[in-house]
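Engineer: Input sequences plus hints: build the corresponding full structure.
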Amino acid sequence: IAIAAMLCFLAWRRSGYRPSMGVLEVLRFVLVVVAVVLFNQPEVVQEFRPSGKPTVVVLSDDSPSMQTRDVRSSPTPAAGKDTATAAAPAAGAYESRTAAIGPLTKPEAWSALQDRFQVVHQAFSAPDGSKRTNLNEPLASLIDEHPRLLAVVVASDGDWNAGGSPVPAATRLRMKGVPVFSVPVGQPTRLPDIELLSLDAPTFAVAGKVVRIPFVIDSSLPREHVATVTLRASAGDEVQEEIAIAPMGRTHAAISWKPQTTGDVTLTAVIPPHPEETMTDNNKLSAPIAIREERLRVLIVESYPRWEYRYLRNALSRDPGVDVACLLFHPELGKVGGGNKDYIPQFPPGLDQLSLYDVIFLGDVGLDNGQLTEEQCRWIKGVVQHQATGLVFMPGIYGRHLSLLESELGELYPVVLDATQSGGWGSRTPNHFELTETGQRSLLTKLADTEEESAAVWEGLPGFQWYAAVERAKPGAEVLCVHQEADNAFGRLPLLVTRTFGAGKILFMGTDGAWRWRKGVEDKYHYRFWGQVVRWMAYQRNMAKGETMRLYYSPDQPQLDQTVMLNANVMELGGEPLQNGTVTARIVAPSGAVDTVRMPSVGEEWGAYSGRHTLREPGRHEITLACQETGASLQTSVFVQGVADERPGRAARPDVLAEISRITQGKILDVRDVPAAVRALSELPTPPAVMRRVQLWCHPLVGGTFVTLLGVFWVGRKMLGLI
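Oh and the sequence shown: position 511 is 549 in the working numbering, straight run, nothing missing.
The hints are simulated quantities; they were obtained by calculation from the structure and are not laboratory data.
All of these numbers come straight from a predicted model, not from anything done at the bench.
Among the clues, some could well be false.
As the list claims (entries may be wrong) - Calculated pairs, PhoX-like style, for lysine-lysine (alpha carbon to alpha carbon, straight line, at most 25 Å):
| hint | residue 1 | residue 2 |
| --- | --- | --- |
| 1 | Lys583 | Lys247 |
| 2 | Lys562 | Lys296 |
| 3 | Lys144 | Lys705 |
| 4 | Lys583 | Lys557 |
| 5 | Lys583 | Lys296 |
Structural biologist: Here you go:
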């Protein structure tokens, strides 16, 4: 500063002590002084004392797990006695976790703190409205919502299952100096309980036919328990099954029920309470099911009346739930077969007529004069892919089916055929099927009540003496049966194979000897097998249908949080497929939440529309399918299996709350000792005044002023002619 003062004086003297030059040198001196001062990083300390009270937030968990009754009831004083002499609670007297933290949620419990603090009560579960627990989000949002946050009280069971870990939120509170006082509630281990987790009833069943209802039981009992599970129908039927419930785990079982009348029925499964159970309201579960009169339409297309065709036609014709239409080409005779009402004179001439059939059987037929055409093959592929029609391939010894590989149906085959062996393979001695692991569990191959009995039946079935030349199954196909002995480079030869193509299902039957299964037992196994095939392939297509609309979805028994594919076929009033229509599905959840799914066209020629929706709640969802162009609508329901992530009966997690308190330097409080919680908060010191340091050397206002003075100095030098 001294050197600058001397140089400024010398410059003024050289100018002859001009006043204007003196002013300019004074400005130069001031700039030097300001620069020197700023290099010493000066600061201004400001003190802020907020006028409002500091905030204490009391967070209470209101998620479904808080309904668990595993908190020992507090003793109630008798008349004329104080609390100290009151009788202890009776054994087994438990109350819910919500009731246990009830005193903490009342404003009067914190009245002693009202003079110093502002006490705010907040309930939490999940911010998105789902019935789950999110501990991270409520804690993380407190700092932004309450600028003068002093402390937090969390009353919960610690069972979080939504959002992220609460540790980051606790770390942020620690950095702000906000302690969290945890009030854990609930037992860290499950109390003895038996819970019916799921009742997997199918969408619909057929009157007069047995339906299998699987269910799952979860037990926390320390030993095995045998219980009689009762299945009651709203129509009045009742079925009982004795089940051995495994200890400390889940038991999968099923009850067979035969509905007698049609209509919408509610099935209710009930497990009798165990003497050691603490909760009995979860021993019952209900599911809806629609009982219908079955009427399936089947089309069988064949070239010659071989034995397999004859017995298949007889089996399906005698099934009261199936309407059969047979097309027998007789290529060498030049005319189609006939003789009774089952036969039709020609292949369905249009899509509107072909789409009426639920299942199509293609025997030993191919692309040839007097048989199938390329256009008809394209139609068959379309109704399978877009209208969920089932398709069964049944090749024969003439090998005509190989010509179908050159048509659009070639893409639908679930196996790769050996084109060099068009006539297949025959033998003098009978060959036999062998079930795969998948086949042992499949409903198609179930010829007895249990898997073990069914496998024994398959081993004893009469053999076949011809089978198609199959190389291997295609990727994505399921092999149910293989040849017991024959194999190749790819393994055992697949003979019974299924796959899904688009919305439809496909079955490949690699032999023509299933009719031999009648030997000694008549129609016992032969009729049952083909009846199961037809119903399995037509099940999805017949979930919900009206006069001009059909709705089906996959999977047919969706689980919680699973995305369901919705597929619809919409026809015009004349029966032709509707092209480019406006189709929507309105879905009403059990809670009343409504979602609308727009279903764009995925096959204009076939009247096919598709959409998807994720089901977030367990229970019955009502679906209304509507078409703007035709004005038609269709109502149905889908029942979501499973249980919610958040439910009563789960063990508490006090370790989670203890970790939050440890990170934030808080305390763990007893849920029964409300005065102790009040004392812990009252001991908190009043927040000190906030000290704010303003760094002048890097403040924008100071920097702007300095730059402005430099500009004035430069302009002054220009005006005096120094530059």
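Engineer: Does each hint hold? Answer for all of them.
Structural biologist: Status of the hints after comparison with the structure:
1. Restraint check for Lys583 and Lys247: satisfied, since their Cα atoms lie roughly 20 Å apart, inside the 25 Å limit.
2. A C-alpha spacing of about 19 Å is found between Lys562 and Lys296, which places the hinted pair at or below 25 Å, so the restraint holds.
3. With a CA separation close to 21 Å, the supplied pair Lys144 and Lys705 stays within the 25 Å bound.
4. With a C-alpha separation of about 39 Å, the suggested pair Lys583 and Lys557 falls outside the 25 Å cut-off, and the hint is violated.
5. For the suggested pair Lys583 and Lys296, the alpha carbons sit about 23 Å apart, so the restraint of at most 25 Å is met.
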